[in-house]
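Novice: Chains as they are written, first to last, in my numbering: chain A, 1 to 162; chain B, 163 to 419.
Everything labelled a hint here was simulated from the structure, so no lab data went into it.
Treat the hints with caution; some may be incorrect.
To be verified - Far from chain B by the CB rule (all over 10 Å, computed), these chain A residues:
| # | residue |
| --- | --- |
| 1 | 42 |
| 2 | 50 |
| 3 | 67 |
| 4 | 75 |
| 5 | 83 |
| 6 | 85 |
| 7 | 95 |
| 8 | 99 |
| 9 | 101 |
| 10 | 129 |
| 11 | 142 |
| 12 | 146 |
| 13 | 160 |
| 14 | 162 |
What the hints assert, rightly or not - No more than 30 Å apart at the CA atoms, straight line, and that leaves these computed lysine-lysine pairs for BS3-like:
| # | chain 1 | residue 1 | chain 2 | residue 2 |
| --- | --- | --- | --- | --- |
| 15 | B | 306 | A | 120 |
| 16 | A | 108 | B | 306 |
| 17 | B | 299 | A | 120 |
| 18 | B | 170 | A | 120 |
| 19 | A | 77 | B | 280 |
| 20 | A | 77 | A | 63 |
| 21 | B | 280 | B | 412 |
| 22 | A | 120 | B | 176 |
| 23 | B | 242 | A | 148 |
| 24 | B | 363 | A | 130 |
| 25 | B | 389 | A | 108 |
| 26 | B | 369 | B | 412 |
| 27 | A | 77 | A | 40 |
| 28 | A | 63 | B | 350 |
| 29 | A | 108 | B | 350 |
| 30 | B | 176 | A | 108 |
| 31 | B | 306 | A | 63 |
| 32 | B | 170 | A | 98 |
| 33 | B | 363 | B | 345 |
| 34 | B | 385 | B | 299 |
| 35 | B | 299 | A | 77 |
| 36 | B | 369 | A | 13 |
| 37 | B | 350 | B | 306 |
| 38 | B | 369 | A | 77 |
| 39 | B | 363 | B | 389 |
| 40 | B | 280 | A | 130 |
Quick reminder that beta carbons are idealized off the backbone N, C-alpha and C, glycines included.
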Amino acid sequence: MVVDKLHIENVLKSVTDPEIPVLTIQDLGIYQGFETEGEKITVLITPTYTGCPAMDMISVNVKSAMEEAGYNDVEVKLILSPVWTTDMISEDGHRKLKEYGIAPPVEKTSDKSYLSGEEKIVPCPQCESKNTQLVSQFGSTACKALYKCIDCLEPFDYFKCY
Amino acid sequence: MGEIISLKRESLLKYVLQLADNALILGQRLAELCGHGPILEQDIAITNISLDLIGEARILYQYAAEIEGNGKTEDDYPYKRDVRDWQNILLVELPNGHFGYTIMRQFMFDCYHYYHLKAMTNSGDERLAQIAAKTIKEATYHLKYSSEWVIRLGDGTQESHDKMQEALNDRIRFFDEAFIPSKIENDKSLNGVAVDCTKIKASAWAKFTEVCQTANLEIPEVKFPQKGGKDGVHTEHFGFILAELQFVQKSYPDSNW
Numbered sequence: 001m002v003v004d005k006l007h008i009e010n011v012l013k014s015v016t017d018p019e020i021p022v023l024t025i026q027d028l029g030i031y032q033g034f035e036t037e038g039e040k041i042t043v044l045i046t047p048t049y050t051g052c053p054a055m056d057m058i059s060v061n062v063k064s065a066m067e068e069a070g071y072n073d074v075e076v077k078l079i080l081s082p083v084w085t086t087d088m089i090s091e092d093g094h095r096k097l098k099e100y101g102i103a104p105p106v107e108k109t110s111d112k113s114y115l116s117g118e119e120k121i122v123p124c125p126q127c128e129s130k131n132t133q134l135v136s137q138f139g140s141t142a143c144k145a146l147y148k149c150i151d152c153l154e155p156f157d158y159f160k161c162y
Numbered sequence: 163m164g165e166i167i168s169l170k171r172e173s174l175l176k177y178v179l180q181l182a183d184n185a186l187i188l189g190q191r192l193a194e195l196c197g198h199g200p201i202l203e204q205d206i207a208i209t210n211i212s213l214d215l216i217g218e219a220r221i222l223y224q225y226a227a228e229i230e231g232n233g234k235t236e237d238d239y240p241y242k243r244d245v246r247d248w249q250n251i252l253l254v255e256l257p258n259g260h261f262g263y264t265i266m267r268q269f270m271f272d273c274y275h276y277y278h279l280k281a282m283t284n285s286g287d288e289r290l291a292q293i294a295a296k297t298i299k300e301a302t303y304h305l306k307y308s309s310e311w312v313i314r315l316g317d318g319t320q321e322s323h324d325k326m327q328e329a330l331n332d333r334i335r336f337f338d339e340a341f342i343p344s345k346i347e348n349d350k351s352l353n354g355v356a357v358d359c360t361k362i363k364a365s366a367w368a369k370f371t372e373v374c375q376t377a378n379l380e381i382p383e384v385k386f387p388q389k390g391g392k393d394g395v396h397t398e399h400f401g402f403i404l405a406e407l408q409f410v411q412k413s414y415p416d417s418n419w
């Protein structure tokens, strides 16, 4: 099969995250391009959390999306540099997260206040209220913290700064 | 010259395994609490931390396998080595005990781990520096979490205070092993690659002391720090960890999904 770079790019960009299916791997910022060598295609992914079980799933999904598009010689390579940070989530990604009910990261990682213990206001993705409370720094997946909204009483996930 | 290079490779391999073993064994200990945490949120938090540590161990074991070559994979190290080959510090293999013990062990490890990774981001070995830059983000959350719990329980009710003090009294002698260099950490060929653990001791202890003071806990004096783990001499608990960790591999060698 002829390697059509634009076609490949479009196929890869459409692969979604298994945990948060509204986000593509491009929205998430983990897709780092691809390299070709003859017919062999190496897709570069920078992992989110080191232990994230979704990473293996993403590799499988990338391969099967590529196979469907007709590319059979595909390898997914996890790279550690650039280090993934939540700053790499696109603006589109932020919007989609919120619509999905997950509060997107409220600050850039260059703002180190999240480390010093100073709590930021995380608006509720359901009712926009700023009257919310941290329940636990560790939530349903490695990348999320658990919050609750004092006004609408809904618990919600927060995609924490990383 | 060739011999020097291969000696360096062997030392680097051993060093990487030492780092990986710490992360994996603590990850395994914390995983024992999956479904058994004191309350749901803490069950989830503890297992999240476990997952981070196992993830860190994986990228280190993958690196080890690359260094060693000869077809080794990341799975060979955790599943196919016996007690004496493991180089983790004794602290991480100690049993979970009550929640105070689990938190105190975590807090001690986090104080070491965080400053160790911070120093490792400057390692002359590019891969180790990258791994440190990645995993320190996770270790930062761990340290925050365990510090908060030490303070909440230490400065909590009389009972929670007593339990934290009990855990501190029992575990403090295992804290310093992390800062006593092993033969490998002192290996000249790893100069600038391996972290000088004696140099991070002051920062780790400063954090440790600050949190203990806020938590109203008294740090007992340690006359004889316990060590040996880095040289493969482990506590009586360690064999049981491996028995569970390696059970499937021993019952069905080389089995695959």
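Novice: Looking at the structure, which of the earlier hints fail to hold?
Specialist: 2, 5, 6, 11, 12, 13, 14, 18, 21, 22, 23, 24, 25, 26, 28, 29, 30, 31, 32, 34, 36, 37, 38 and 40
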